[in-house]
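K.L.:
Sequence:
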Amino acid sequence: MARKLIFLLLFALFFSCILMAQQWWERKPHADWSEEQADQILNNSPWVGLSVAQLNRAEHESLTAVGLQPNWPVNYRIRLLTARPVREALLTVISFAGGTAYEPGAEATIKVGERKPGDVEVKRQARLKELMDENPDDILVKGDDENIVVTITLTQFLQGWLPGQYEVQQHSGVGSDRNPQMIGIEPSRRKPGWQEAARPEILMRLRSSDLTGCTFLSTKNGKRVPVIRYDPPAMDALGGRFQFSRKLPDGTPFVTPGDKELQFETCINGKQVKVKFDLRKMIYKGKLEI
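Under this note's numbering, the first residue of the sequence shown carries the number 117, and numbering increases by one thereafter.
Hints in this document: simulated from the structure, not taken from any laboratory.
Beta carbons are placed, not taken as given, at the ideal position from N, Cα and C, and that holds for glycine.
Watch out, some of these pointers could steer you wrong.
Stated by the list, open to error - In silico lysine-lysine, DSSO-like type, Cα no more than 30 Å apart, as pairs:
1. K392 with K339
2. K339 with K403
3. K387 with K363
4. K339 with K258
5. K144 with K403
6. K144 with K239
7. K397 with K387
Stated by the list, open to error - Pairwise CB distance ranges, derived in the manner of DEER restraints:
8. D347 with V238: 32 to 40 Å
9. D326 with E237: 40 to 48 Å
10. L364 with A242: 37 to 45 Å
11. D261 with F332: 14 to 22 Å
12. E237 with D260: 27 to 35 Å
13. E152 with V257: 17 to 25 Å
14. E250 with K339: 35 to 43 Å
15. I255 with M320: 19 to 27 Å
16. E237 with E317: 34 to 42 Å
17. G386 with A147: 37 to 45 Å
18. S325 with E246: 36 to 44 Å
19. D326 with Q379: 13 to 21 Å
20. M320 with E237: 32 to 40 Å
21. D366 with R345: 18 to 26 Å
Using the sequences plus the hints, can you model the full thing?
P.N.:
In structure tokens form, the structure reads like this:
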């Protein structure tokens, strides 16, 4: 009896250790994620990387000439859009953007005096399900089995920043009341008097021909695939999109279970942008997600 009890205790301890080792996103369905948790996936998770590029002298002078003081570098935030947790986090952010009433008059479906603490969350989850059901072929819902899509958002800390000078008003919203700036901004990193400004105009001027020969996904063992398509920033605040094949020219998979590291590299305005992803940390629901 004592031996059986010890075995059960050891099994319970082992199972508890496994649960503790799991990241919260493995234990919690994405429909239950909070805004803060969705932001963590989009800003500080294995599927996101940050590359920082310093300004050269000419760029520094061109900005100071219009009354700006760009003493902070340019931040390139790279996300694996086709990775399931990133897609689910973006859908979660969109569902929160609907607020308590995501359709005109929807708030009237529950009388104020009859509302319960969980009603708002129930509505948000209903909105999330509605989004997924109505857009089954959208990349955020369906993903992409043929290609890996990488997105870049570009921001910069500026003092005395004027939105009109960079034509970013239509690109600066993200649909989160808690963090109304562009996806990827970390307010805690700002200094007083500075703002981290979105710079989509740089990516909007970029063309596929500019990326030829310098934009790749590669693994540590030497496998590499070039970019096959580039789409400039749109109204979704995701930045520029870079598309890569999931297969090598001979038809074999580009990334295999034995690979440990994935690297994205490109060149933007003469600056090299590189980010490495640890494939061992990118397992989600028992599957490698990229």
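K.L.:
Hints first: check each against the structure and report whether it holds.
P.N.:
These are the hints, each one checked on the structure:
no.: 1; hint: K392 with K339; in the structure: 14 Å, holds
no.: 2; hint: K339 with K403; in the structure: 21 Å, holds
no.: 3; hint: K387 with K363; in the structure: 28 Å, holds
no.: 4; hint: K339 with K258; in the structure: 26 Å, holds
no.: 5; hint: K144 with K403; in the structure: 16 Å, holds
no.: 6; hint: K144 with K239; in the structure: 19 Å, holds
no.: 7; hint: K397 with K387; in the structure: 28 Å, holds
no.: 8; hint: D347 with V238: 32 to 40 Å; in the structure: 36 Å, holds
no.: 9; hint: D326 with E237: 40 to 48 Å; in the structure: 45 Å, holds
no.: 10; hint: L364 with A242: 37 to 45 Å; in the structure: 43 Å, holds
no.: 11; hint: D261 with F332: 14 to 22 Å; in the structure: 21 Å, holds
no.: 12; hint: E237 with D260: 27 to 35 Å; in the structure: 30 Å, holds
no.: 13; hint: E152 with V257: 17 to 25 Å; in the structure: 23 Å, holds
no.: 14; hint: E250 with K339: 35 to 43 Å; in the structure: 38 Å, holds
no.: 15; hint: I255 with M320: 19 to 27 Å; in the structure: 20 Å, holds
no.: 16; hint: E237 with E317: 34 to 42 Å; in the structure: 38 Å, holds
no.: 17; hint: G386 with A147: 37 to 45 Å; in the structure: 44 Å, holds
no.: 18; hint: S325 with E246: 36 to 44 Å; in the structure: 40 Å, holds
no.: 19; hint: D326 with Q379: 13 to 21 Å; in the structure: 20 Å, holds
no.: 20; hint: M320 with E237: 32 to 40 Å; in the structure: 37 Å, holds
no.: 21; hint: D366 with R345: 18 to 26 Å; in the structure: 21 Å, holds
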